[in-house]
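Participant: Sequence:
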Amino acid sequence: MVKPMKSLLCSLNLACLTLALTACGGSGSSGSSSGASNTPAQEPARTSVSDGVNGPLDQVQTPISDDVFGQIIAGAAGTPLQGSLDCVRQAVVVDTLDVLDSVALALSEAGTTQDPAVFEAAAANIQFSLGELANDLPGALGVITGADCNSSGGGSTGGNPLAGTPLEPLGDALAPVLSQFPSGGNSGQDADLYALSVLTNELAMAFRSGVNQLPAEVQSAPFIGGALLTLNTALTDINSTMYWFSRYNGAAAATELEGALNRALVNTLTQLVPLTTLEDQAGQPGVLSGPITSGIDQLTSALGSNLLSVALPQLTSVLDNELAPILDPLENTLLPAILLAAYSDVGEDSSGDPLSLLLGPVTDGLGGGNSGTPTGTPLDLLLGPIVAITGGSTSCPFVGTSLETGCTLFSALP
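Per this note's numbering: the sequence shown = residues 22 to 435.
By construction, these hints were calculated from the structure, which means they are not laboratory data. Just so it is clear, the structure is predicted and the values come from calculations on it, not from any experiment. All residues carry an ideal CB built from backbone N, CA and C; glycine is no exception. Treat the hints loosely; a few may be bogus.
[As the list claims (entries may be wrong)] Label pairs and their in silico Cβ distance ranges: (1) Y269 / A98: 44 to 50 Å; (2) S326 / R268: 39 to 45 Å; (3) Y215 / E238: 35 to 41 Å; (4) A142 / Q201: 19 to 25 Å; (5) A216 / T134: 39 to 45 Å; (6) S338 / G307: 27 to 33 Å; (7) Q234 / T314: 25 to 31 Å; (8) E189 / S326: 42 to 48 Å; (9) S338 / P137: 22 to 28 Å; (10) T134 / N342: 32 to 38 Å; (11) E189 / S71: 52 to 58 Å.
Build out the structure end to end from the sequences listed, making use of the hints.
Facilitator: Structure below.
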């Protein structure tokens, strides 16, 4: 029998919950870079940021992979969603952002050396990252089947691993494009930037077409709906970035990259993490996601203004310093509360079908009301789990953080 949420919720015992979250939480400033490299690790599949491109965006990828996704994956422990959500992490945080990291690395080097040859030198990194994305994407999308991206066979089979599921139209749209990518990113031949740009265009169009054919309940489901939105937007943005980068227009590529990173972070931290869902159901849109978005705007603006003009160490330092205040309250307060709200109704009798976990108890947990505590209003969707996790305190846990404006929520407490 499946025993979901064993490692995180411990049958909703808050003492055990606090202990588990302390183990998987952490500071948003934990990421570090060991220096730039134009050679990605040549492994069959990447399971962590350090396996891929070593560039300035590692400062963003590492804390989101470890501290944000680490909690989401732990929250699904004991269910078929655990491995599948790890595949989502690989596709969203490692693969797609590594394509942008390859471009960012080249642009920062071009700004230092003024040598356009670094554009072509980046093709190997980009090709590798796109190949890994094609390999991981079927498993990430197979979240509703319990598929594992590390054993999915990659995107080169030409088949549709999502056949017979509500995601079948997306699989049908992607199959002919994914089959053009070498499995694991290794073809023995280096593609030029123009060919890679054409491939990213085909991938973005196929993904968008497939998503538009999906049932509404899948597009709006917690976690997977946010992953679809994040990937859809990221692939479109990668295509735009690659268009200018393949034409050696560093300024235009830097502008597109700034916007791409901005939207990837906003979507990951407010949509894939279903914060906006909770806000809307509480009748408080933007009260917490707004400050997060503002903080991300500051971070990506710092990236865009420095990408072509400063050396790599200064660039990575800027990203690290700006991201930590955004992630700390999300990791330590908001995300535990969201996971508790999402999975509080998932019991030991839950079906082992991942789709039922996404469209059943998880959705009910986020969408259900609370009749007892703390206010008996829709605000409890946010306040109830947060107050429980903070030991019943009614004082605002966001004082002194980037989310301090969210303390208006606590004015409704008795």
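Participant: For every hint, state whether the structure bears it out.
Facilitator: Going down the list of hints, with the structure as the test:
1. Hint check: Y269 to A98, Cβ distance near 47 Å, so the stated range 44 to 50 Å holds.
2. Checking the proposed 39 to 45 Å range against S326 and R268 shows it is violated: the Cβ atoms sit about 22 Å from each other.
3. Take Y215 and E238: their Cβ atoms lie about 40 Å apart, and the range 35 to 41 Å holds.
4. A C-beta distance of roughly 23 Å is found between A142 and Q201, which places it inside the suggested range of 19 to 25 Å.
5. Between A216 and T134 the beta carbon distance is about 25 Å. The supplied range of 39 to 45 Å is therefore violated.
6. Between S338 and G307 the beta carbons are some 30 Å apart, a value that agrees with the proposed interval 27 to 33 Å.
7. With their beta carbons about 29 Å apart, Q234 and T314 fall inside the hinted range of 25 to 31 Å.
8. Roughly 44 Å separates the CB atoms of E189 and S326, a value that falls within the hinted 42 to 48 Å.
9. Evaluation of the 22 to 28 Å hint for S338 and P137 yields a pass: the beta carbon distance comes to about 26 Å.
10. One distance hint, 32 to 38 Å for the beta-carbon pair T134 and N342, is violated here, with the actual separation near 25 Å.
11. About 35 Å separates the C-beta atoms of E189 and S71, a value inconsistent with the hinted range of 52 to 58 Å.
The structure fails to meet hints 2, 5, 10, 11 from the earlier list, while all remaining hints are met.
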